[in-house]
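**Student:** Chain residues, written in single-letter form:
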Amino acid sequence: MSEILVNIDGKEVKAKEGMTVLEAARSAGIPIPTLCYHEKLEPYGGCRLCIVEIESRGSTRLVVSCVYPVEKNLTVRTRSEKVDRVRKMILELEMAHAPDAFVFEDLAKEYGADKNRFEKEPSFCIHCGLCVRYCAEVKKKNAVGFVDRGIRKEISFIPEIAAKECWSCKECFPLCPTEALQAAYVLVGALAFPEASPKRTSA
Amino acid sequence: MDRERVDQIVDKHHAEPSYLIQVLLDIQAENSWLPKEALERVAERLRVPMTRIQHIATFYKAFSLVPKGRHQVHICMGTACHVRGAPRVLDTVQEFTGIKPGETDLDLKFSLETVNCLGCCALGPVMEIDGKTHGKMTPAQTADVLKNYE
Amino acid sequence: MSRIQSPAELEELRKDIISKRDPNKPCITLCSGSACHASGSREVAAKLEEEIEKQGLSAEVDIRKTGCHGFCERGPIIVIRPEEICYFQIKPEDVPEIVTETIKGKKVIDRLLYTDPATNEKIIHETEIPFYKNQGRIVFGSNVNVDPKSIDDYLAIGGYAALAKVLSGMTPDQVLQEVKKANLRGRGGGGFPAGAKWEGSRNAPGDIKYVIVNADEGDPGAYMDRSLLEGNPHAVLEGLTIGAYAVGAHEGYIYVRQEYPLAVENVNIAIKTAEELGLLGKNILGSGFDFVVKVHKGAGAFVCGESTALMTALEGRAGEPRPKYIRSNVVGLWGRPSVLNNVETWANVPLIINNGADWFTQYGTETSKGTKIFSLVGKITNTGLVEVPMGTPLRDIIFKIGGGIPGGKKFKAVQTGGPSGGCLPEHLLDLPVGFDELTKAGSMMGSGGMIVMDEDTCMVDVARYFLEFLTDESCGKCVPCREGMRQMLKVLTNITKGKGKEGDIELLEQLSETAIEAALCALGKSSPNPFLSTLQYFRDEYEAHVKEKRCPALSCKELISFYIDPEKCNACTTCARKCPSDAIIGGKNLVHMVDQEKCTKCGTCFEVCPPKFRAVKKLSGEPVPPRISEEARTITRKSKEK
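Same order as they appear, the protein sequences are chains A, B and C. Per the numbering used here, the first sequence starts with residue 3, numbered consecutively. Per the numbering used here, the second sequence starts with residue 1136, numbered consecutively. Per the numbering used here, the third sequence starts with residue 609, numbered consecutively.
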């Protein structure tokens, strides 16, 4: 695969054809924040936190670095006024769901995001899709998926599959940035297959 | 819906996974809702994960995972009807039937849905019941129309 | 019917069909589009067939059930040819008279004719009626002459001549160049040059390519595509086949929303008959070009009108859009080059091939060529489908063709572009209709929905309405759209309920920026448009809602009160009887009063109070006057004997 030179934050980065801007930045040790990205999974492009400013073919615009492919003569700025404004808003919007999630602590400080900007939402899930995608792409069990759309979108376990697979797996639990996943599993377990999950005191 | 009928529908679409939505539409049209057993059979025959079916059955508004009432009441909430006062019509229908959009009453008599444009904008506000269009509805008229349904 | 093996055979068949048709034979054309069905045209059709037979005229009179005529406000519509006598709002009871008086007796029935509101004169002929006369129906005009279920009708008006021309003497590249020269821009909303899109696919690597018809038409209030697909499916098929030839595709898909059962039915019939005749399928017209078309139904998701989401739905998945960094005409359906265009775009193609790009470019403006079909709906006298050359001023469409605002109300705004578009106020009425002109003004062409609003429409509520629509229809994948709109809807709803506060508008503007810059697809990126355009042109309404808790249009339920003026009330008791919530305190000869606790603000009393009294008022931003005393309620009437 041919080599492509891109300029990230003033630094010349050697990237390979087919790489995304995020991958190129990471290979050069340049940090870009992410929420829904995971090396083992196909890039999702859902949280939009990894948004960066690019200059290409004469125009400047914002693109999502985890899915944008590197190209010749690309100039990337991982921070700018606009980028920071957008990232701050994304963090605040997500913190309306999970204000105390561990992932947000440092990021919120860095971008000056206020976890109380928006009224709290009843669902903790931030819809990063890590659990759904991990179960589908890595474990290939499809025990948990998305339901509905728009502001009603949530995750949901398939009780029959979860009863068989999840108790001995639970590999998605540490991936979850909030406690929503565990809560969803425990709930569906209690309602749908109380006999199957052993009664333990710790999750 | 019995397994044989589900199989027939799946076979009509050559058991092709990309025809999943068409299969579900056929089941929905015949059965007026998607029972869990039917979905499990579809998952088996088309070899697609249940999560994909679950997502599709909830993502698209054409599908219902619960039984519907005897009469489907659709209130058009398209922009033209909205501008002509559809929200008020919806209010009085909700009051009369006692249910909100997406719900079915306890007697399984009425199922209420809002729809985004039936394309009969000249007749707006429009209330469609079991496919029959009632045009130029006013809040005062809704009770009279609904009373005729058993 | 046997398969046509060559373009020459097609022309022979066409000549044969035309020779068997007598242009002077009476033909009753009945509009049978979905909108007229809703107005009762099916019953009229049944009665017509019954009556023609009863009067022994089956051999002498043709009945043609055509697609949508466009004048939907006045349906059901009958046009009697060859005289072109046009009757409106036909009921089954009118049919015997029409057959006896007009068909047999050659007399015109005055009461069924159109009355010109300006002159009060009756107009007999279809082409003289201002609604039709002021349009330029190069695409839609064929609907009135074609029974969509009959391929013969389409052949009789010259159908498939363009395809024959293409397959008998043009290279794919020549077709491409013609479409590029015509500067045909997408009619679905994006306005992207079709020729460039086709070229991108043609040049993309890969042997398997697709062409797709986007018939998802999700914009509420827009039904042009439905009428085209229902009324003249062959025109769309012909255009699609020509496009497939130009691009090098052998498989096509028509994605129709399932809410259009008649369109699904008619397009399936069209595909079947076209295949039988060899106009579709293997070796079309003996040219060696193969092309098959499949129909896929949508399942109720507005987002599937977005091209990448539509392709995802075609693959049998939930319609979540994909990032457009790699264009779908290169990597599209199943990762292959796919040309997706709107129904109306495809329907323009045969015209361009038949008449040439130069003919096409005589219509329209510098950057927007050809015509556009609009659905003119809302607070408008002549609701219906309107086709005009690009560049026609909005004013002409709304007033000359649309007949202006009914009920003597004042025009306030026209909303174009559906949920991705914006509202344009009165001072922009002279704006010529065109892709770039509308975008510059803060709206967009969109698919062609044109919703007229009057003085009773609250613009803040319009923004809230569209946001409510979009939060429901959003796929929910990306944060700026899902969460951004969630919060925008909350704020706007609060504003319409009188709970707006300082800083709300600024917050909405910031959320708008996030959506525009960072959303995944066009739905998200354009979701702030209704808010931004209404804020730009109607900022005073926002400020009244937030600062004064007042709705200037007297529309937002929580901000208005209904009040009966004691000076004007005549105790006719109409409002008390009609009130669905028993909220009017009435009584014989007593001034009626609204019980504010029970009132649900349905507006019935306001509608039914006789115009000569006009006693019911809507108040906003001011307290309801205190109830008058019982004695003051008594109305003393002048005795008639004195």
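Among the hints, erroneous ones may be present.
[To be verified] Restricting the straight-line Cα-Cα distance to at most 30 Å, the calculated cross-link-like pairs of lysine-lysine (BS3-like) are:
no., chain 1, residue 1, chain 2, residue 2
1, B, Lys1203, B, Lys1244
2, A, Lys90, C, Lys1008
3, B, Lys1235, C, Lys1157
4, C, Lys1225, A, Lys117
5, B, Lys1267, C, Lys757
6, A, Lys117, C, Lys788
7, C, Lys1098, A, Lys84
8, B, Lys1147, C, Lys902
9, C, Lys712, B, Lys1147
10, B, Lys1235, A, Lys172
11, C, Lys932, A, Lys84
12, C, Lys902, B, Lys1235
13, A, Lys117, C, Lys1157
14, C, Lys902, B, Lys1171
15, C, Lys773, C, Lys902
16, B, Lys1244, C, Lys1186
17, A, Lys141, B, Lys1171
18, C, Lys788, C, Lys773
19, C, Lys1098, A, Lys122
20, C, Lys1105, B, Lys1267
21, B, Lys1267, A, Lys142
22, C, Lys1098, B, Lys1235
23, A, Lys111, C, Lys1109
24, C, Lys1017, C, Lys1155
25, A, Lys117, C, Lys1109
26, B, Lys1282, C, Lys699
27, A, Lys122, C, Lys1018
28, A, Lys122, C, Lys1105
29, C, Lys1225, B, Lys1271
30, B, Lys1235, C, Lys1165
31, C, Lys932, A, Lys42
32, C, Lys699, C, Lys623
These are computed hints drawn from the structure, not numbers from a lab.
**Student:** Which hints, by number, does the structure contradict?
**Tutor:** Those not satisfied are hints 2, 4, 6, 9, 10, 12, 20, 21, 27, 32.
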